[in-house]
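Student: Single-letter residue listing:
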Amino acid sequence: MIRPSLPRWLLLPVAAAVVFLAVPLVALLARVPWTRLPALLSAPAAVEAFWLSLRTCAVTTLVSLVLGLPLALLLSRGKGRWAAAGRTLSTVPMVLPPVVAGLALLIALGRREPLGGWLAAGGVDLAFTTTAVVIAQTFVAMPYLVVSVEGALRSTPDDYAIAAATLGASPTTVLRRVSLPLVAPAVASGAALAFARALGEFGATLTFAGSLQGTTRTLPLEIYLQREVDTDTALALSVVLITIAAVLVAVTARFSRGAWSRP
Amino acid sequence: MSKLSVQAALADRGVDLALEVTAGCVTAVVGPNGAGKTSLLHLVAGLARPTSGSVRIADREVAGAAWVPVHQRRVALLTQRPALFPHLDVLANVAFGPRSSGATAADARKRAQAELEAVGCGELASRRPQDLSGGQAQRVAIARALATDPDVVLLDEPLAGLDVAVATEVRHALAARLRGRTSLLVTHELLDIWTIADQVAVLEGGRVVESGLAADLLARPTSTFLGRLSGTNLFTGTAVGDTVLQIAPDVNLHGLPDPDQPLTVGLAGLASVQPAAVALYLADPGGSPRNHLAAEVTGIEPRGHYVRVNLTVAGQPLAADLTGQAVAELALRPGARVQAAFKATQVRLYGR
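First to last, the protein sequences are chains X and S. Just so you know, we're using our numbering here: the first sequence kicks off at 1 and counts up by one. Just so you know, we're using our numbering here: the second sequence kicks off at 1 and counts up by one.
Here chain X stands alone, though its shape is the one from the complex (with noise of 0.2 Å):
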């Protein structure tokens, strides 16, 4: 089939995208000094940084499955005030400016405040710690699963959960063999996509854990830091931070595409 052709103009406009999306990212390759890039890499601060992004984005994307899962699945089967109402805050950190979420997570759990005097007083300090920017990584990085996920199971037929329960599949291996299975492609696009947005989280991490190299200076932050005192590096690590999400865009496709057909 032939499709009715599009305008030519539209062209136009288009080509401007592609120059304005494209032009920000071939100049920084541009400048990237290529041939000291293993040296500038292997600096003691860019391999600490990088450790501990991996590591803690690793670790978010962990507790956002552990947590967001069994959020979504509950979101899924809601209906009416309250439902609307689970479902507005677990989107909210997404909208959210990064510095207000760091902001709110300092007052929440900060030292001087009643629950983190509470938890401080109980032997748990989380100021200026990796779990801190876990913490802040998972509040901004969680919400893409549960809403990746929550989509996926509203738009899948009861027929198969209903199909499984009759066959006298207790829920838990309903949900085992069934209804997560036949998500698993969102489940894997939307921890990707949490992973990613861990990986780029500056604001956050940097109003609620700091800027403390090797333990909460992660990538974003390491190259916040360097960019006027030795760009090179700067750039070095900003060719690493794009690899990855090349990456998990690829694989967020893949997953996409790889989605259950429906008989």
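If you are wondering where the hints come from, they were derived from the structure by calculation, not from laboratory data. If you're wondering where the values come from, they're calculated on a predicted model, not measured in any experiment. Where a beta carbon is used, it is the ideal one built from N, C-alpha and C, also for glycine. Be a bit skeptical, because a hint or two may be false.
As the list claims (entries may be wrong) - Each pair of labels, with its calculated beta carbon distance range:
| no. | chain 1 | residue 1 | chain 2 | residue 2 | range |
| --- | --- | --- | --- | --- | --- |
| 1 | S | 123 | X | 20 | 51 to 61 Å |
| 2 | X | 95 | S | 117 | 55 to 65 Å |
| 3 | S | 165 | X | 77 | 36 to 46 Å |
| 4 | X | 78 | S | 7 | 32 to 42 Å |
| 5 | X | 81 | S | 161 | 35 to 45 Å |
| 6 | S | 179 | X | 58 | 53 to 63 Å |
| 7 | S | 104 | X | 86 | 36 to 46 Å |
| 8 | X | 78 | S | 179 | 41 to 51 Å |
| 9 | S | 104 | X | 32 | 54 to 64 Å |
Given chain X, work out where chain S should sit, using these hints.
Tutor: Frame of chain X; chain S shown alone:
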């Protein structure tokens, strides 16, 4: 063998159903849309909770004072959509039930393979559900439903989504596999009742308005039952030829055999003819129609643009749709003796 007994209401859906199903019997459930057929299945399956009354399966109360959730009811449900799990292959789909009830993986696979063979799908075991045709998918769904040895099998128009030729195949598989199992089969098809059902329950406005043996209802169809089958005339009898059904001593009906279910000489058969195809004469007309039967008028009901004339032929009811003008010209009234004639090509004959 398990008896099923429903005595339950769903107030919000205006449903109040009373039904007993004999152990090992297939009961066809017929009725117009919104009559409560699906509600009945939901009540038995545990997908709807009765607002009053109870549901008992094999003397175990599953709804009422007690509540047994779906997965503990030992009830299989088959709908128009096969709903095979797309992430599992055909064998794993059928093995799902036995696995869920604690069978080992090897036993479950063995059972699944046997169930697949029983519906003629043994060679599809390693396929993905996405690669099956509609008829294959529905037969696999039958195998999957029966692999759990359910106490009750519920079927909600399982053949409705299929082409006629495919539906015939699946109907035969279903008839063979359901024999002797307590089942409820929601259907609009005369053939389903004739081929599969032992009993019939007619639902209307959320109530069971009639129930009885399928054989009785087919032999002496009541108006309520016929109304649900869009007014088809039915005759039961014995096949005395490939195209001849004897409905009473010396009374033969000529027709065209159904290609998928032809008559077998000496065995029971069923004939159907539309009331609009029946013509009435005051004397034997002769001429081309193969069937001319002595009939007696039992009632006349005007139905807008036509008149439904009810008759008896050899003790079995027959309806004829005529224009008001024709009824007036023949001066028809109850008790009048007439000749009913219709062409053999208008009669469809079904064997067992």
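Student: Hint compliance check: list the failing hint numbers for this structure, sorted ascending.
Tutor: none
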